[in-house]
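Asker: Position chain G against the provided structure of chain A, taking the given hints into account.
2 protein chains.
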Amino acid sequence: MSEERHGVRHGVRSSGGPRKSQEIFDATLELLAEKGYEGLTVEGVAQRSGVNKTTIYRWWPSKGALLGAALTGARQLDLQPPDTGSLQGDLEALLHAVVALLTAPPSSGIAVSALGAATHSPELAVHVREFFADRLARELPVFDRAIARGELEADADPMLLVDLLAGAAWLRVVLRQLPIEKDFVSRAVSTVLHGAGAAG
Amino acid sequence: MSEERHGVRHGVRSSGGPRKSQEIFDATLELLAEKGYEGLTVEGVAQRSGVNKTTIYRWWPSKGALLGAALTGARQLDLQPPDTGSLQGDLEALLHAVVALLTAPPSSGIAVSALGAATHSPELAVHVREFFADRLARELPVFDRAIARGELEADADPMLLVDLLAGAAWLRVVLRQLPIEKDFVSRAVSTVLHGAGAAG
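Chains as they are written, first to last, in the numbering used here: chain A, 1 to 200; chain G, 1 to 200.
Hints in this document: simulated from the structure, not taken from any laboratory.
Predicted, not measured: the structure shown is a model, and the values here were computed from it.
Check each hint, because a few of them may be wrong.
It does not matter which identical chain is used: a pair holds within one copy or between any two.
Pairs of lysine to any residue residues, derived as SDA-like cross-links and limited to a Cα-Cα distance of at most 20 Å, are as follows [to be verified]:
no., residue 1, residue 2
1, K20, G64
2, K35, E123
3, K35, A125
4, K35, A97
5, K182, D155
6, K182, D157
7, K182, P158
Excised from the complex, chain A in its bound form (with noise of 0.2 Å):
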């Protein structure tokens, strides 16, 4: 991967970005639900964040790079890795997470944008990738914690873990369109990490 780190120059604050950075990836990913990447500009984003477009383009010299940061950056698509005490409860709160990004405003709007227009967009798509990387490595800390509790085997495969459950919310919300059930969550954690097989 040969992705360039923005932040990376001289001047640069510890969050890396610009005063402004919040208010700019908000914009950003506002603009980017509301008008799809092709519709998403430097110039609509300085209009809405207040931020000069000189300013914006020092820091990320296009409009994926900015998007990228964004999508890694922003509050509003921030995840907090959970410590419940038990694996079942940090995946519970895992997943209850990807819900709500998929289904509550405006996050919603954000990710199945993004989704849609990287599948357009190679651009997009390294940002996109970027993005479930940065959040696998923040949950690993949850699989690290079970495998230390005794309740994973050492050779657990977290990304299959994650993909399985987050995928299960993608495929259910964005493909299949259909509400989550109340006990979607706990369900799916619970197959995955007891099985569905019958016990007989």
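Answerer: Chain G in isolation, oriented as in the chain A frame:
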């Protein structure tokens, strides 16, 4: 060329479409993959399939209706439900089919384009929803047989199991954009049937 085929409009088949339905569906899905939903036109389908535009309109009054029919009727996306004799075998066959759909051309382009377009077009979204409902209906015998064999409890939730497995493939291929490892299918199915939790 389409003018020469004008007589096709009289060649109605009992299955509810003109004689050259498969050519029309193929052209529809190819154009969707190449141009996206916005670029898909009944005119373009007529040109590529060699079927008169009025014939197509007679059967499908809009491009949305045509695409809906193509998604569930095209050979390229056809699903033959497996019957391997075991639930593990059947689910592996189903998941292999999903992985092939998502990774092997031409269906991979179709699936990803349809998904991307569905997120922007309420009309297409209806047909994507129908596509997934149709597939689940075809998959149900796998679960009925597993319950009859005692491999699944009678109150098992087929949709949840399908969404865990197929969702993982969608997430891995379309969103993470990572290759599917050789043992992805068998490990995903084992996890869903037997659980990832430590035995102890």
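Asker: Now tell me, hint by hint, if it's right for this structure.
Answerer: Taking the hints in turn, this is what the structure says about them:
no., hint, verdict
1, K20 with G64, "within (19 Å within a copy, 43 Å between copies)"
2, K35 with E123, "both (17 Å within a copy, 17 Å between copies)"
3, K35 with A125, "both (17 Å within a copy, 17 Å between copies)"
4, K35 with A97, "neither (25 Å within a copy, 34 Å between copies)"
5, K182 with D155, "between (32 Å within a copy, 17 Å between copies)"
6, K182 with D157, "between (27 Å within a copy, 14 Å between copies)"
7, K182 with P158, "between (25 Å within a copy, 17 Å between copies)"
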